[in-house]
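Engineer: Sequence:
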Amino acid sequence: MIISNIGSYPLYTFTNAALVDKILPKVKNLHYESVYSHKENNNPSQLGYEKTDDFFSSFYDEELYSWLENCAQQILEKHFNNKDTNIKLKICDLWATKSSFGQYAHRHRHPFSFFSGLYYMNDCDRSETCFYYEDVVYDHWKYFLGPRGKNNTQKVKIKPEKGKLIMWPSMLEHAISTHTGKENRYTLAFNTMFNGIIEDPTSRLELKVTELKDQKFKYT
271 MIISNIGSYP LYTFTNAALV DKILPKVKNL HYESVYSHKE NNNPSQLGYE
321 KTDDFFSSFY DEELYSWLEN CAQQILEKHF NNKDTNIKLK ICDLWATKSS
371 FGQYAHRHRH PFSFFSGLYY MNDCDRSETC FYYEDVVYDH WKYFLGPRGK
421 NNTQKVKIKP EKGKLIMWPS MLEHAISTHT GKENRYTLAF NTMFNGIIED
471 PTSRLELKVT ELKDQKFKYT
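In this text, residue positions in the sequence shown follow the numbering used here: the first is 271, and each later residue adds one.
These are computed hints drawn from the structure, not numbers from a lab. A portion of the hints provided could be inaccurate.
[Said to hold, decoys possible] Taking lysine-lysine pairs in the DSSO-like style, the calculated list, with each CA pair at most 27 Å apart, reads:
| no. | residue 1 | residue 2 |
| --- | --- | --- |
| 1 | Lys-292 | Lys-452 |
| 2 | Lys-427 | Lys-348 |
| 3 | Lys-292 | Lys-429 |
| 4 | Lys-432 | Lys-298 |
| 5 | Lys-478 | Lys-321 |
| 6 | Lys-348 | Lys-478 |
| 7 | Lys-296 | Lys-321 |
| 8 | Lys-296 | Lys-432 |
| 9 | Lys-292 | Lys-321 |
| 10 | Lys-296 | Lys-429 |
| 11 | Lys-432 | Lys-321 |
| 12 | Lys-292 | Lys-432 |
| 13 | Lys-432 | Lys-348 |
| 14 | Lys-429 | Lys-348 |
| 15 | Lys-348 | Lys-425 |
| 16 | Lys-452 | Lys-298 |
| 17 | Lys-452 | Lys-429 |
| 18 | Lys-358 | Lys-478 |
| 19 | Lys-432 | Lys-452 |
| 20 | Lys-321 | Lys-298 |
| 21 | Lys-452 | Lys-425 |
| 22 | Lys-298 | Lys-429 |
| 23 | Lys-348 | Lys-358 |
| 24 | Lys-452 | Lys-296 |
| 25 | Lys-427 | Lys-298 |
| 26 | Lys-452 | Lys-427 |
[To be verified] Computed spacing ranges between beta-carbons, pair by pair:
| no. | residue 1 | residue 2 | range |
| --- | --- | --- | --- |
| 27 | Phe-414 | Lys-298 | 50 to 58 Å |
| 28 | Lys-478 | Lys-452 | 39 to 47 Å |
| 29 | Glu-453 | Tyr-330 | 22 to 30 Å |
| 30 | Lys-298 | Asp-405 | 33 to 41 Å |
| 31 | Ala-287 | Lys-452 | 20 to 28 Å |
Every residue gets a Cβ at the ideal spot worked out from N, C-alpha and C, and that includes glycine.
Sequences are here, hints too, so could you generate the full structure?
Structural biologist: Take a look at the structure:
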């Protein structure tokens with residue numbers, strides 16, 4: 271695990287290239303559809319799920335799922351010093367993204383998640399993951415540093431590398447830049463949430479996450 275930062279947000283990086291060779295054929299055979307539209311651009315990246323009749327189901331592979339949860343647990347233990355608690359950071363949704371020439375994903379956050387992640391299926395230098403954050407240092411010292419304009423948003427770009435997994439706090443805004451390569455760009459994306467019981471002297475909170483392999487939802 272490698273820990274870096276995007277502004278004040280932690281970014282965790284893991285690597286497992288061997289696993290990609292096993293699951294990439296499954297990823298390519300998923301059912302892909304664009305589940306949103308954007309007036310400025312009607313060619314967004316497509317999301318891939320398992321499809322049965324009128325239902326979409328989160329992508330599931332036992333070996334992949336176990337590895338992702340192991341990575342999530344390392345984050346929980348490192349970032350929260352949480353080794354002696356029954357709280358787990360569980361994968362609560364997992365889907366693929368497919369970007370062909372000209373496709374992109376608009377800026378967004380994952381509000382119903384704690385940490386989100388991307389697992390890159392192939393190398394791609396023609397489409398990047400872009401993260402956006404406010405420069406709090408500049409906000410604090412702007413009267414001394416001089417005007418920078420109305421937009422104080424900073425951007426960090428990450429190039430896809432086969433087998434690289436990145437995880438970040440889900441409130442961090444991110445996007446996929448427009449793909450200009452000939453080969454499709456494939457990733458697996460997922461969200462996480464706490465699972466377990468949090469207790470302190472004045473309250474008790476029990477959090478439960480549905481097992482990913484049993485999760486299904488209606489697509490409309």
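Engineer: Give a verdict on every hint.
Structural biologist: Structure-based check of all given hints:
| no. | hint | verdict |
| --- | --- | --- |
| 1 | Lys-292 - Lys-452 | holds, 23 Å |
| 2 | Lys-427 - Lys-348 | holds, 25 Å |
| 3 | Lys-292 - Lys-429 | holds, 22 Å |
| 4 | Lys-432 - Lys-298 | holds, 15 Å |
| 5 | Lys-478 - Lys-321 | holds, 25 Å |
| 6 | Lys-348 - Lys-478 | holds, 22 Å |
| 7 | Lys-296 - Lys-321 | holds, 13 Å |
| 8 | Lys-296 - Lys-432 | holds, 16 Å |
| 9 | Lys-292 - Lys-321 | holds, 20 Å |
| 10 | Lys-296 - Lys-429 | holds, 23 Å |
| 11 | Lys-432 - Lys-321 | holds, 26 Å |
| 12 | Lys-292 - Lys-432 | holds, 13 Å |
| 13 | Lys-432 - Lys-348 | holds, 25 Å |
| 14 | Lys-429 - Lys-348 | holds, 25 Å |
| 15 | Lys-348 - Lys-425 | holds, 26 Å |
| 16 | Lys-452 - Lys-298 | holds, 16 Å |
| 17 | Lys-452 - Lys-429 | holds, 16 Å |
| 18 | Lys-358 - Lys-478 | holds, 10 Å |
| 19 | Lys-432 - Lys-452 | holds, 17 Å |
| 20 | Lys-321 - Lys-298 | holds, 13 Å |
| 21 | Lys-452 - Lys-425 | holds, 25 Å |
| 22 | Lys-298 - Lys-429 | holds, 20 Å |
| 23 | Lys-348 - Lys-358 | holds, 13 Å |
| 24 | Lys-452 - Lys-296 | holds, 21 Å |
| 25 | Lys-427 - Lys-298 | holds, 25 Å |
| 26 | Lys-452 - Lys-427 | holds, 20 Å |
| 27 | Phe-414 - Lys-298: 50 to 58 Å | holds, 53 Å |
| 28 | Lys-478 - Lys-452: 39 to 47 Å | holds, 45 Å |
| 29 | Glu-453 - Tyr-330: 22 to 30 Å | holds, 26 Å |
| 30 | Lys-298 - Asp-405: 33 to 41 Å | holds, 39 Å |
| 31 | Ala-287 - Lys-452: 20 to 28 Å | holds, 22 Å |
The structure meets every hint from the earlier list without exception.
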